[in-house]
Amino acid sequence: MTAKLDRRNLLSLGLAGALALPVSARAAAGKKLKIALSNSYIGNKWRIEMENLFKAALLMEPFAAEIEGSWFNSGNDVSKQSQQFSNLIAERVDAIVLNAASPTGLDGIIKQATDRGILVVSFDNVVTAPSALKVNTDQFAFGRMGAEFVAKKIGGKGNVIMVTGVAGTHVDLDRNKGAESIWAEHPDIKVVSRYTGMWDSATAERNTAAALPSLPPIDGIWCQGGTDGVLKAFIAAGRKLPPTAGEAENGFRKFLTGYMGHQVDGISIGQPPFLSVISLELARRALKGDYPKKNITIPFPYVTSETVKVGETVFPDLPDSFFADFTDAGPHATVKICVDAALDGKACAGRLDVDLPSA
Amino acid sequence: MPPRAARRSLLAHAIARNIGLVLVIFLLVFSIFLYGLIYGLTEGRLPGGFELTSTVNNTMPLVLAAMAQTLVVLTRGLDLSVGGVVDLANALGAISLGATPARMALASAFILLAGAGLGLVNGILVAYGRLQPILVTLATLSIYQGLAIRILPQPGGAVPEGYTALLTNPSVPAALLYVVLLGLFWTAFRRSQAGIAIIAIGNDEGAAAANGINPLRAKLLAYTLSGFFAAAAGLFLVATATAGDATTGNGYTLTSIVAVVLGGVSLFGGRGSAIGAMLGAFVTTMIVNILFFAHIDPLYQSFYEGAFLVIAVVLAEGLGRFVRKRR
Amino acid sequence: MSAAPSLEAITASKAYGGVQALDNASFSALPGEVHALVGENGAGKSTLIKVLGGRVRPDSGTIRIDGAKVVHGGPNDAHLLGCWTVFQELTLLPWMSVAENLLLRREPRNALGLTSPRRLVAAAGRVLEKFGITEIDPRALIEDLPLAARQVIEIVRALSHEPRILLLDEPTSALMERETAWLFAQIRRLRATGTTIVFTSHRWHEVETIADRITVFRGGRDVGSFTTLAEEEAVTLMTGQRVETFYPPLPAAPSARADAMLSVADLAGGRLAGVSFTLHQGEILGVGGLAGHGHRELFLMLFGAERPHAGRILLRGREVRLRSPRGAIRNGIALVPEDRKTEGLLLPLSVRDNLTLAVLDRLSRFGVIGRAAERAQAARLMARLAVRAPNAAIPVGTLSGGNQQKVLLGRWLLADCPILLFYDVTRGVDVATKHEIYELMMELARSGSAILFYSSDALELAHLAHRVLVLREGRIAAELPALDLTAEQIVAAAMRERLAA
Numbered sequence: 000m001t002a003k004l005d006r007r008n009l010l011s012l013g014l015a016g017a018l019a020l021p022v023s024a025r026a027a028a029g030k031k032l033k034i035a036l037s038n039s040y041i042g043n044k045w046r047i048e049m050e051n052l053f054k055a056a057l058l059m060e061p062f063a064a065e066i067e068g069s070w071f072n073s074g075n076d077v078s079k080q081s082q083q084f085s086n087l088i089a090e091r092v093d094a095i096v097l098n099a100a101s102p103t104g105l106d107g108i109i110k111q112a113t114d115r116g117i118l119v120v121s122f123d124n125v126v127t128a129p130s131a132l133k134v135n136t137d138q139f140a141f142g143r144m145g146a147e148f149v150a151k152k153i154g155g156k157g158n159v160i161m162v163t164g165v166a167g168t169h170v171d172l173d174r175n176k177g178a179e180s181i182w183a184e185h186p187d188i189k190v191v192s193r194y195t196g197m198w199d200s201a202t203a204e205r206n207t208a209a210a211l212p213s214l215p216p217i218d219g220i221w222c223q224g225g226t227d228g229v230l231k232a233f234i235a236a237g238r239k240l241p242p243t244a245g246e247a248e249n250g251f252r253k254f255l256t257g258y259m260g261h262q263v264d265g266i267s268i269g270q271p272p273f274l275s276v277i278s279l280e281l282a283r284r285a286l287k288g289d290y291p292k293k294n295i296t297i298p299f300p301y302v303t304s305e306t307v308k309v310g311e312t313v314f315p316d317l318p319d320s321f322f323a324d325f326t327d328a329g330p331h332a333t334v335k336i337c338v339d340a341a342l343d344g345k346a347c348a349g350r351l352d353v354d355l356p357s358a
Numbered sequence: 000m001p002p003r004a005a006r007r008s009l010l011a012h013a014i015a016r017n018i019g020l021v022l023v024i025f026l027l028v029f030s031i032f033l034y035g036l037i038y039g040l041t042e043g044r045l046p047g048g049f050e051l052t053s054t055v056n057n058t059m060p061l062v063l064a065a066m067a068q069t070l071v072v073l074t075r076g077l078d079l080s081v082g083g084v085v086d087l088a089n090a091l092g093a094i095s096l097g098a099t100p101a102r103m104a105l106a107s108a109f110i111l112l113a114g115a116g117l118g119l120v121n122g123i124l125v126a127y128g129r130l131q132p133i134l135v136t137l138a139t140l141s142i143y144q145g146l147a148i149r150i151l152p153q154p155g156g157a158v159p160e161g162y163t164a165l166l167t168n169p170s171v172p173a174a175l176l177y178v179v180l181l182g183l184f185w186t187a188f189r190r191s192q193a194g195i196a197i198i199a200i201g202n203d204e205g206a207a208a209a210n211g212i213n214p215l216r217a218k219l220l221a222y223t224l225s226g227f228f229a230a231a232a233g234l235f236l237v238a239t240a241t242a243g244d245a246t247t248g249n250g251y252t253l254t255s256i257v258a259v260v261l262g263g264v265s266l267f268g269g270r271g272s273a274i275g276a277m278l279g280a281f282v283t284t285m286i287v288n289i290l291f292f293a294h295i296d297p298l299y300q301s302f303y304e305g306a307f308l309v310i311a312v313v314l315a316e317g318l319g320r321f322v323r324k325r326r
Numbered sequence: 000m001s002a003a004p005s006l007e008a009i010t011a012s013k014a015y016g017g018v019q020a021l022d023n024a025s026f027s028a029l030p031g032e033v034h035a036l037v038g039e040n041g042a043g044k045s046t047l048i049k050v051l052g053g054r055v056r057p058d059s060g061t062i063r064i065d066g067a068k069v070v071h072g073g074p075n076d077a078h079l080l081g082c083w084t085v086f087q088e089l090t091l092l093p094w095m096s097v098a099e100n101l102l103l104r105r106e107p108r109n110a111l112g113l114t115s116p117r118r119l120v121a122a123a124g125r126v127l128e129k130f131g132i133t134e135i136d137p138r139a140l141i142e143d144l145p146l147a148a149r150q151v152i153e154i155v156r157a158l159s160h161e162p163r164i165l166l167l168d169e170p171t172s173a174l175m176e177r178e179t180a181w182l183f184a185q186i187r188r189l190r191a192t193g194t195t196i197v198f199t200s201h202r203w204h205e206v207e208t209i210a211d212r213i214t215v216f217r218g219g220r221d222v223g224s225f226t227t228l229a230e231e232e233a234v235t236l237m238t239g240q241r242v243e244t245f246y247p248p249l250p251a252a253p254s255a256r257a258d259a260m261l262s263v264a265d266l267a268g269g270r271l272a273g274v275s276f277t278l279h280q281g282e283i284l285g286v287g288g289l290a291g292h293g294h295r296e297l298f299l300m301l302f303g304a305e306r307p308h309a310g311r312i313l314l315r316g317r318e319v320r321l322r323s324p325r326g327a328i329r330n331g332i333a334l335v336p337e338d339r340k341t342e343g344l345l346l347p348l349s350v351r352d353n354l355t356l357a358v359l360d361r362l363s364r365f366g367v368i369g370r371a372a373e374r375a376q377a378a379r380l381m382a383r384l385a386v387r388a389p390n391a392a393i394p395v396g397t398l399s400g401g402n403q404q405k406v407l408l409g410r411w412l413l414a415d416c417p418i419l420l421f422y423d424v425t426r427g428v429d430v431a432t433k434h435e436i437y438e439l440m441m442e443l444a445r446s447g448s449a450i451l452f453y454s455s456d457a458l459e460l461a462h463l464a465h466r467v468l469v470l471r472e473g474r475i476a477a478e479l480p481a482l483d484l485t486a487e488q489i490v491a492a493a494m495r496e497r498l499a500a
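Residue numbers (numbering that gives the first Met the number 0), protein chains in the order written: chain U, 0 to 358; chain X, 0 to 326; chain Y, 0 to 500.
Here chain U stands alone, though its shape is the one from the complex (with noise of 0.2 angstroms):
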């Protein structure tokens, strides 16, 4: 550990010179550090967990020391978000983490942020704004993944459904072309239905009751999101629950382990709300000057029915709707954090390391 982090500190240095690192002015008078999210909707729990783990973050060591923060949610009203980005930039602040409510709604006036010297890290819904840093997984590879899983798991051949996301997002576009090369690969397996769980529970539960009458029997399941509302709707049609890929949801997790009298053998893959940590451990270091600014990419946590553990990754407790992957696990865990600090964003004990990738 200290041998790999001695050589990631020799790379920065490296990399320091090479690009000559600014350092904040703020940061090299060693005062505190202004950093702020932005965040667009509030209106679901994984939003709310996210914003949990930066409050939580805030309050654990390092960052407590070191950052002043400040959190602010738009809405879906990018124009709002717009002017709450334009205030942050008067406020001077040192860096700005940003979960944006469209992709490029936001362009120009991070060019402006971006103009005057202030890093803007954008995560989840990124943006296209060249200037701003991104953070983010590959969700490309979360529609390969589900697929792969499904396509293993049922032999490469038989029906299919997608239960897609939000139509017009990046993120809904991508996971869908992952799915879609898996199953360019295995002409034999059949997509019968394709709808909208709009990434939500109730959403989904209430699509896939309208579309299941005729539909043929089903072998597998690839859902973006609300995993555990098909589930709910395959149990009220008095259908078998087949091989599923799905997301983070606890209830979904839950089944995974045996849930309302179901065994369902899948895969979770989360896109983790403590993105919005990563963010601001980055926007800390690169301000600081002790970690280059470029973009990260981190890997998706993920469970099978194999490695699903209760307590770890899924909350018996808990209510369906929360997401299990607030906190990565195992060695190679970029965060580790407690539940509290995502139900209620309180801090945990200890320090708060995160574990950026070698710069």
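Please note that a few of the clues may not be correct.
[As the list claims (entries may be wrong)] Looking from chain U toward chain X, a few residues come up when the C-beta cut is under 8 angstroms (computed): (1) D76; (2) S81; (3) Q82; (4) N86; (5) A89; (6) S101; (7) T127; (8) S130; (9) L172.
[Claimed, not checked] Where chain X lies over chain Y, by a calculated footprint (3+ residues, C-beta under 8 angstroms): (10) 71-81; (11) 100-106; (12) 111-121.
Hints listed in this document are in silico derivations from the structure and should not be mistaken for laboratory results. As the structure is a prediction and not an experimental result, all values here were calculated from the model. Just so you know, even glycine gets a beta-carbon here, dropped at the ideal spot from N, CA and C.
Use these hints to put chains X and Y onto chain U, whose structure you have.
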């Protein structure tokens, strides 16, 4: 000869007639003052050129959407498709604006005409189909949004820098010029035959028809102009963003109605000024600014926004009644 | 009858839904003639005027102007032929100014085709002045004007077009004496220039005063044209039956010991400058005087719709504060207003719903309305009031004015309110319905209701009230006993003329 018709002073008349406008001016001045105060307290300086420019540029799309909404609301209708037209113009703008000035002008003109055409469709359905405006435009909202996504399936495209500089220059608040032009347009329109006809049918469609006004033609015009201005809002939106997104206009359906209400335009039609609605748009932005610098917990922000809106509307209604009684 | 008619309708028919409003009706008027159309409400007068004025297209029949057949495509076509109409339901735009209304579609314009408020007001001022109107501010919003002033504006607008044919549908129903005199002067002036004037009125003395010829309508048809016609004959023609006594006999005046139902002490507010009186059980107390002298405020205050600035209201000797109409109704006070459309009835609702609205508490159990009970009550009332409607489920708005008024009366009848405020209830109501309303009033008084009764028709007060209070400038100018009271006395008191005591 008639029993009571006391003459009032010119000013009293002007205030009574334009009570909505008077109130929104008051609201705007008050909110700017409050913003300046809170900003000064938290930042230790006063807002400057950047704050003014970004506020104006960010509000421009809503200013245009409010103009679009006003025209329809005055006829006693409601245009829910404003957001859809903004989306479409945004999507079209992102893919078609090109690089040369001629191309930009041509594409802009085409997009504005397309917007007018979409508005005309609403108008035809409302006027000739004798359908409820709210139903027609709810349906066309979905259709226009769907078309927009088709045109620009994922956010992208690009707007040339020159176009952004022309519409929403990021360095100087030049867009204020457009606000002034829109104000002049409204003043002239309100005094034209067409403008009078639109207001007259909002007063009482039957009475207007008895006076020889063609309600169908007035509605077609109102909806067509609404589409035109909504498309202009889309162009301004794509200009500030510098790239397109076919979904970012959705919010303008609701926010344009908010601006119209704040601006003192009666949702029952026939009363109000687009200038008020445009100022109402600025009030909504000032509310965002005030809540930002007051560091209100983000979770309670929409609560305060709603409370502010209710207070403003109640105040407007109460003041209007007070002025009326005191003749 | 040597001149050729300037305006004719030949076998015109028009049906609204199932109601045949005009049924093969014919009509003709000569140049320079003032032609009165009389008949009950629902007889087809208004429809004929709308057909003649191009507002409504007849289902069949022919309209001729100066002998040439015309097919109006809308009001504009009639206007082009010099034919202008003053509609009964005013066609003014409420949230626009007097000036904008007067000069709608012919505003003074500059080279760009734009008008300016200043020029508009100046031009409207000149129009008003030309017709002798000096007290209406052209900048005022129509909404802020009293009904009479609105009616005057509507008339001025038509006059200002220098019509060759002028159609007036109940132009005087909202006017007071002075304004009516003004209108008649305008009509005479136009008649002298050869204009054809067609008008409708329910006030016989007006018809007698101004009309050169009278055409009577009944049931959508013309039943005769006359150059002279006695009122009794006219009533017979209009109703198809002889009306024995137009004003029913008053029940005996309550004795001095009768219970005081409602007392008012120094009530003031708005135009009301302090009035005191007592209304007894079984009494019909008339209130007279010119409009705008506080009657309206008095009635609205007693109904809780306006707050007094000073004074007390006592019900059976107990002081009450009436904060809302709801509170007034709960205290047993009901108001039957003049302007049925805006103040009393919910026009899109059915006749039945309107009848039972005030007593829903009683008809419902646990907040659910007992439909059967509601139906039965409504049916009984409709029969008793002789409401002319195909059934109880049709919207009140489709009924004629008199029948709407009866529905409103029926509502309070059902509510059993001991104190009834009648505010000019017979305005714009046809002869037969008027009579029915009078009968109803007497019956209510006999059964012990106390009735405060304002009317703009002094004759009505003279015949139907036990006493009459005349209001002038917000105070009681005179209290006249019923015995041998004449309309002239009431008018004289109202006009501040010395009474021959």
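Subject >> Numbers of the earlier hints that this structure fails to satisfy, in rising order >> reply: Structure breaks hint 8 only.
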